[in-house]
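Q: Numbering (this note's numbering), first residue to last: 170 to 226.
Some hints here could point you the wrong way.
What the hints assert, rightly or not - The calculated label-pair distances, taken between Cβ atoms and stated as ranges, are:
{"no.": "1", "residue 1": "199", "residue 2": "223", "range": "16 to 22 angstroms"}
{"no.": "2", "residue 1": "224", "residue 2": "184", "range": "26 to 32 angstroms"}
{"no.": "3", "residue 1": "210", "residue 2": "188", "range": "20 to 26 angstroms"}
{"no.": "4", "residue 1": "188", "residue 2": "220", "range": "18 to 24 angstroms"}
{"no.": "5", "residue 1": "223", "residue 2": "186", "range": "15 to 21 angstroms"}
{"no.": "6", "residue 1": "187", "residue 2": "223", "range": "23 to 29 angstroms"}
{"no.": "7", "residue 1": "188", "residue 2": "221", "range": "17 to 23 angstroms"}
{"no.": "8", "residue 1": "223", "residue 2": "189", "range": "16 to 22 angstroms"}
{"no.": "9", "residue 1": "219", "residue 2": "185", "range": "21 to 27 angstroms"}
Hints in this document: simulated from the structure, not taken from any laboratory. Each residue gets a CB set at the ideal place from its N, CA and C atoms; glycine is no exception.
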Amino acid sequence: TPNAATPNPASRAPVTPIPAAPSFAELSERAHALPTRTKQVRELTSSIDQAARLAAG
Numbered sequence: 170t171p172n173a174a175t176p177n178p179a180s181r182a183p184v185t186p187i188p189a190a191p192s193f194a195e196l197s198e199r200a201h202a203l204p205t206r207t208k209q210v211r212e213l214t215s216s217i218d219q220a221a222r223l224a225a226g
């Protein structure tokens, strides 16, 4: 029998799949939902919107 003290790499916790990156639309939605509408946030939101339009074709 294999040594019980030696950890078996196969018996470790399953690897959780990396969630898919949020879409531009999702990012845009999140940016628009932010309560603080600072200048940077507005600029970020507009650039995300622009990227979303480009991605959408």
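Q: Run every hint past the structure and note whether it holds.
A: Outcome of the hint check:
1. 199 x 223: 16 to 22 angstroms: This hint holds: roughly 19 angstroms between Cβ atoms.
2. 224 x 184: 26 to 32 angstroms: holds (29 angstroms)
3. 210 x 188: 20 to 26 angstroms: holds (24 angstroms)
4. 188 x 220: 18 to 24 angstroms: holds (20 angstroms)
5. 223 x 186: 15 to 21 angstroms: violated (28 angstroms)
6. 187 x 223: 23 to 29 angstroms: With Cβ atoms ~25 angstroms apart, the hint holds.
7. 188 x 221: 17 to 23 angstroms: holds (19 angstroms)
8. 223 x 189: 16 to 22 angstroms: Since the Cβ atoms of residue 223 and residue 189 sit about 19 angstroms apart, the hinted range of 16 to 22 angstroms holds.
9. 219 x 185: 21 to 27 angstroms: violated (33 angstroms)
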